[in-house]
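Residue numbers (our numbering), protein chains in the order written: chain A, 458 to 610; chain B, 1026 to 1779.
These are computed hints drawn from the structure, not numbers from a lab.
Be a bit skeptical, because a hint or two may be false.
Residues of chain B placed beyond 12 Å of chain A at every Cβ, according to the derived structure [to be verified]:
| id | residue |
| --- | --- |
| 1 | Asp1312 |
| 2 | Val1326 |
| 3 | Ala1370 |
| 4 | Ala1681 |
| 5 | Thr1687 |
Straight-line C-alpha distance at most 30 Å; calculated DSSO-like pairs for lysine-lysine [as the list claims (entries may be wrong)]:
| id | chain 1 | residue 1 | chain 2 | residue 2 |
| --- | --- | --- | --- | --- |
| 6 | B | Lys1709 | B | Lys1276 |
| 7 | B | Lys1660 | B | Lys1318 |
| 8 | A | Lys467 | B | Lys1318 |
| 9 | B | Lys1207 | B | Lys1195 |
| 10 | B | Lys1461 | B | Lys1318 |
| 11 | A | Lys598 | B | Lys1660 |
The structure presented is a predicted model; accordingly, all values stated were derived computationally and were not measured.
Glycine is no exception: its CB is placed at the ideal position from the N, C-alpha and C atoms.
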Amino acid sequence: MSLEFQLNGKTVRTEVDPEMPLLWYLRDHAHLTGTKYGCGVGACGACTVHLDGAAARSCTLPLRAVAGHRITTIEGISQGDRLHPVQAAWIAEDVPQCGYCQVGQIMATIALLKQNPNPTDADIASLTNLCRCGTYPRIRKAIRRAAATGGTR
Amino acid sequence: MTATPTLDRRGFLAISATAAGGLLLTRVVPASAASAMAEAADSIPIGVFIRIEPNDRVTIGARDPEIGQGVKTSLPMLIAEELDVAWSQVSVTQLPLGLEKDSGPMGLRWKYGPQGAGGSTSVPESWDDLRQAGADARRLLVRAAAARWKTDPDRLSTKAGQVIHPDGRKLRYGELAAAAAKLTPESKPAPLKSPDQFTIIGTPTRVIDAREIVTGRAQYGIDTYVPGALTAVIARCPYFDGTIERYDDSKALKVPGVRQVLTMDGPALGAPLTANLAAGVAVLADDTWSALKGREALEIVWKQGPHAAESSADLDGQCERLLAGTQVTKRARDDGDLDAALKSAAKVVTATYRVPFVSHAPMEPQNCFADVRPGRVSIIAPTQQPGSASRVANAITGVDRLQIDVRMTRVGGGFGRRLSNDYVAEAVLLSKRSGKPIKLVWTREDDMAHDWYRPFGHHQLTAGVDASGTVTGWSHRLASASKYYRRSDVEPQDLWTSEIYPDDFPAALIPNLRYDWLAVESGMIRGSWRAPAHNANAFVVESFVDEVAHATGQNPLDLRLKLLGEARELKYGQHGGPIFDTGRLKNVLQIAADRIGWPRLVEPGHGIGLACHFTFGGYAAHAMEVSVDQAGELKILRCICAVDVGQPVNPLGLEAQMMSGTIDGISTALNLEITVKDGQVVEKNFPDYPLLQNAQAPDVEVHIVRSTKTPSGAGEIGLPTAAPALCNAIFAATGVRIRRLPIRTQLKEAGARG
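Assemble the whole structure, with the sequences as input and the hints as a guide.
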């Protein structure tokens, strides 16, 4: 049985087990390793991608559930050398420490700003992606910076 | 995956050398890998750390593992400073483990100097030799310019990657590199800059890999994909020191993609923990999902082993019995006459605190790529100790250590977990046994159940105070399960040395003082967790100073300053010594207190708490203001951290580390505990082990003391004082004294009691 979906703007067709979480398809089969494994139970958000433009945790999303849908990963976010404003804000505020969770944080932020271009502190606090290094203060600054510089792109 | 043969050693090197400083497989990003190799081809090595291209691009090798503490940025800054280049010219590449033959008794020496990330040592250990490496390379470039101009090198100066003639002529390093590389280095070390000449050290500098990280291109261990490798997951025995009674792999082998099932023994009972931690059944498969499904299909009956009855309740009971008795395993310090001091004291204060086991829980679970071939081994791993990874691979395979190639990826968090290479041992063992290159992956559940946990303990503190409020006697009795559990390099009589540092505050500051250690028996595997010993002892000591102050009607700031006394240097014989400067500690404490406006009247339900501590050569203090409402809801309103680690190398990175230590300390104090039941770990994943989220993490105002003293590390010093400052603030707000961590629902329960 094969299934089909849009991945970073291209149609992909795959024969792999439809129960396979999207995360492992992305990493092991599509070789898109920017999306990270952290917990496998949807608790940490390291695996956040966009499903039809909204943040989704790919570790608990079976492939059959994405058939016919649009998936964007971090590899589909920047255009060539041009960074997305959220990525640029992350660099400007020097957010990353170990950096492992940051792709998920960025994907969650892009989805938030798309829905809500001027988030309040409470809106920002609603992000539940975990960062073991404790970069939250700089994440918040980067989100505010991105919102101020057109992070909704 | 297709069965492509593994890369030979040369192929391995080629794919590793990319501008991103990590592993980019040609399969994944062919264009950029190819261009990076082309760039490298015309670069000229000057010493072992520096390569200069004709276009003036300078590549600096980073020798220590980057675990988020920022050394891939800060160590190359040391070299770049003395090389005298502009930081914008610099690219950084992660060096592999460098060992070379030596005629000494070890037979091996470091090629690049010591490589590891532990004990906050990277910056202090590199301060001299990496600056020297930069200065020596700069001198070669100056000599090359002098030869070109037929002049005396002493007449020449350098700036931002150029050698400058007094008449104004300039030569770029890129023009000089080829000639400089042919010169014989002088034996005498080149002179170093004075701090007022620094242009890079002390300048806020962003994370060198930030662009790779935010675009998802940064390579972590788990991102290692080598054609032909099988993915392995292991079902490990959940019981400490348990074994495999029997297993059935017939269903697992029927799962599509599963290739092989192998068993492995755990460490021998009571033997040192030098390789893998647990007996297990490994599933080798074409991809991660098949391996996970294969593991789920295994039927295993475990033999429970000798610790099957162990539980957190039993450990608490053991500690209580030990502290109620008079037996002492080790009297670590005994100054003056404590008993007499307590007898004659106007007031005796005593309190017992409990500190739980905690897990490291780095965001990137353990993983390792290993390829064992006849006569050689290739390892790619997120590790804090590449040298010991090589040692464990040698022990398992017998392959000469010079033929063991260890590559370090970026590491998705360390916190001490990856000082141990048990997961490297597993991957090497599986590759050796299967004859295949193996990528071993741990799940989050594997990581939480098989950690080297921060030791659990009960601390009984007693202070005698005279009528004038002077502390005349101090006793700290600690019942704990030593971190040095089954360590091959620690003798049984030295187990206490990981638990109590005899020169820690308030030693030498109170005339009658005793530190005792009482050994707790446990089958839990223990190890180093960010600021080992200090992460528990600073909480206890700084909470208790606060208790003594309140019990004797003294201002907690004044009591701390009084205890520290005159600014002076005390002998400090443990890690982080040889000096503990009471003046530097008083200074950071006073800064934190001033910034929060101590002493200040606050509204009811609010409170301010302070704490300060010396850890691994650095000095830190926290001041926090909290509010606790009637229902016990806690808010951290303000959080200040003052730090003195000597000369700041990268103030932006230092600030990040202080925020990180602070939030880690708060997260752990509020919510985190690993419990034991029936000889195994209870918590499974983040829902049971709730790391702090964005909504609860305060902003942290970091104040860095300006200094030109030799720097100490920053990865750990931000943590120890966060928990006691928080708990002291909670006491000030509510009158509730937190003596058991984590805090969790204690304030709500106290609120309900009224």
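Evaluation of the provided hints:
The Cβ of Asp1312(B) does not lie farther than 12 Å from every Cβ of chain A; its closest approach is about 4 Å, which violates its non-interface assignment. Non-interface call for Val1326(B) relative to chain A: holds, since the shortest CB-CB distance, roughly 25 Å, exceeds 12 Å. Listed as a non-interface residue, Ala1370(B) keeps its Cβ farther than 12 Å from every Cβ of chain A; the least gap is roughly 41 Å. Once the 12 Å rule is applied to beta carbons, Ala1681(B) is inconsistent with being away from chain A; the minimum gap is 6 Å.
Listed as outside the interface, Thr1687(B) is inconsistent with that label: its C-beta sits roughly 7 Å from the nearest C-beta of chain A, within the 12 Å cut-off. For the suggested pair Lys1709(B) and Lys1276(B), the alpha carbons sit about 25 Å apart, so the restraint of at most 30 Å is met. Distance hint between Lys1660(B) and Lys1318(B) is unfulfilled; the C-alpha atoms sit about 43 Å from each other, more than 30 Å. Pair hint Lys467(A) plus Lys1318(B) holds up; C-alpha atoms about 29 Å apart against a cutoff of 30 Å.
A distance of roughly 20 Å separates the Cα atoms of Lys1207(B) and Lys1195(B); the hinted pair therefore holds under the 30 Å criterion. A hinted pair counts as satisfied when its Cα atoms are at most 30 Å apart, and Lys1461(B) with Lys1318(B) qualifies at roughly 20 Å. Only pairs whose Cα atoms come within 30 Å are accepted, and Lys598(A) paired with Lys1660(B) is accepted, the gap being roughly 20 Å.
The structure fails hints 1, 4, 5 and 7 (numbered hints given earlier, in ascending order).
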